[in-house]
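Number of protein chains: 2
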Amino acid sequence: MKRTDTAPPAQERFSLQDSLFMRRAISLARRGEGKTSPNPLVGALLVKGGVILGEGWHRRFGALHAEAEAVRAALSKGHSLTGASLYCTLEPCCFTSPEKHQPPCTDLIVQSGIRRVIIANTDPHRRVNGRGIRLLEGAGLVVETGLLAQEAEELNPGFFTFHRRGRPYVHLKIAQSLDGGIAAGGGDARWITGESCRKIVHRLRASLDAVLVGRGTAQADDPELTVRLVRGRNPLRVVLDSRLLLSPAARLFQLPDRGKTLIVHSRAAPVGRAKKIQKSGAALVSIETSPEEKRCGLPLCKVLAALGERGVRSVLVEGGAEVFGSFLREGLWDKISVFIAPILLGKGRKCVEAPGAASVAGALHLKNVVIKKIGNYILMEGHNVYGNN
Amino acid sequence: MKRTDTAPPAQERFSLQDSLFMRRAISLARRGEGKTSPNPLVGALLVKGGVILGEGWHRRFGALHAEAEAVRAALSKGHSLTGASLYCTLEPCCFTSPEKHQPPCTDLIVQSGIRRVIIANTDPHRRVNGRGIRLLEGAGLVVETGLLAQEAEELNPGFFTFHRRGRPYVHLKIAQSLDGGIAAGGGDARWITGESCRKIVHRLRASLDAVLVGRGTAQADDPELTVRLVRGRNPLRVVLDSRLLLSPAARLFQLPDRGKTLIVHSRAAPVGRAKKIQKSGAALVSIETSPEEKRCGLPLCKVLAALGERGVRSVLVEGGAEVFGSFLREGLWDKISVFIAPILLGKGRKCVEAPGAASVAGALHLKNVVIKKIGNYILMEGHNVYGNN
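Here the protein sequences line up with chains A and B, keeping their order. Mapped onto the numbering used here, the consecutive letters of the first sequence carry residue numbers 1 to 389. Mapped onto the numbering used here, the consecutive letters of the second sequence carry residue numbers 390 to 778.
Since the hints were made in silico from the structure, they are not lab data. Mixed in with the good hints there might be a few duds.
Dumping the calculated DSBU-like pairs for lysine-lysine here, alpha-carbon to alpha-carbon at most 30 Å [unchecked claim]: (1) A:372 - B:756; (2) B:762 - A:347; (3) A:373 - B:588; (4) B:736 - A:367.
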């Protein structure tokens, strides 16, 4: 984003029409939701004389990039692209590699005769990161960046977090009673919130790469962690189960797509149990744990790194209290969504098990708080103030 | 309210003009807020030919009743009341007693030549309770009831609760973190919410007869429990301090109006401590406690009865967790207001200490839930489903 630092603010450099076209590109990008990871969602639009010549979006991992889709769409309608403007939500790629399925978009753009390229965000991928822009400028194109950068970035929290912080985006989701309980005394947690809230959760699951729960929650709630109340693909289901204690009878091992159930365990877990799980069809990830780490459960840094290696760019953490506490304590989180029901559970299980702040000032303060009413429920969301943990 | 059961619904019996006049009477009633208890807030309006002849409200305990105020206002302007309509938010009183400062309003109404009386609520006081209406009808007046009954009842939650349930109205107010903590690990609770929320609390204090806290909260927070952020009179300040352990250095004993500090204690508390408190100028209420009650703190039924005897019709309970838990457990509450801040306290003090529900279905479900956003804070309010505790 260095390039825009010295430029005048976006609202002075871009016309209202520019914004409208970029907004369209952003909404095109969303059509690939749940299908492109670890690639980002990208949308692109070709315009000449105020007329849209072609539109494109990255449809799924491995498929054509958004820019190439837009070019193909325009050419298939017989348009000439000479002098056209290209709006794209992300800086066009400029490299080839064995793991990359598509050729560099910069070549295609230059060859097609496009004159102006308007970009929302530079690509944080270490092999792009401004190089795409410089390449286009070197070829004589006019390149402008920063239009609706914030909105476009929200398309890809996982992608941006992964390339900036070297770990997947972590979204904590808690459903609790008004007095901060996530389960009744007996462990019962169904359902603290209503279907309207659970629909929002299922939409979240469909848009993120993985959901993650602790072994205790997997055992007590026996959840499916699938997408049922809305349309969308099931995310990877991750259970932190250091010693592989989750019963093979758990619903997560019975699902038709049980290959998408991933059990993360300590390397020290009994081999016999690991074999049983493999037989069920679920996948296993073994983590090296030091004796001290073993005492505190699985080291989350290593867990996130292992998920990242498997292409996971975003994780929805769904409990329980100890898992929430660990992510919060280690500062390994980006967003938190808390659904609050108008009920009082009394001495049930507290939502977060973490060492307490010594003072109110020392509490974890959320940033960019958003409050939504969902019928009789509240959804409070906030973001991490990195470095304050 | 029996009288209206067989009558057609209010919206058919009353004109739009009737509603407008009653709404005006309700807003007049509010002018007495904080000054009339144990009497209710009452407003009244005299109308003839669509013109308001006089308005009145009960200004303070012991002063003229609203109806008499309205009659006086109309007569002082030289109006004749013959054939006029009287709108009043509460059934006019119809009895005299040594503790009652004013003569029966029914006599005045009949004598003044008023022809029609429109009433929002019947008076639940056992010596009125429909007798006022029958008296007026017996004298040949037209009486209609039930207009804006709900709105008018909200003027006087304490008065109605006291006469229906035989105890003051109990409003629980909790300020907590998102994870249900009311204090940090070290006991620090200042300030979990911002000034905008505290202003709402001060407005509540000004409108209710008493605020109540446990000894632990009085000690840890050393609060004033006064009205400072808005205009209004200070309520009675009640501390539950079974064994009289609160330090005489507490701020509650230093306030200029410390006569409004009331310490409720067990009869078994040491006499020496009681004498010290009396010297400070604060008041004492001693409660007989059985050995078993002593173990669980002060019996709240008896505490509320004692407050009721002292004219308290409404109490704002401000903590701490054990006190909230006791009121909730015993079902001795009417409304709960929970302010939620966008912070996480971790293992701080939980907001409610009460035995937990065994299941989510068995949790305490709030009725008539209202959710308000106050900047970055949430206010969730709900009411008791009586009998479900």
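Status of the hints after comparison with the structure:
At roughly 20 Å between alpha-carbon atoms, residue 372 (chain A) and residue 756 (chain B) fall within 30 Å of each other, so this suggested pair holds. Our distance criterion of 30 Å between C-alpha atoms is met by residue 762 (chain B) and residue 347 (chain A), whose separation comes to about 27 Å. Simply put, residue 373 (chain A) and residue 588 (chain B) have alpha-carbon atoms about 23 Å apart, close enough for the 30 Å limit, and the pair holds. Taking the CA atoms of residue 736 (chain B) and residue 367 (chain A), the gap is near 21 Å; set against the 30 Å cutoff, the hint holds.
Against the hints set out earlier in the document, no violation occurs for any number.
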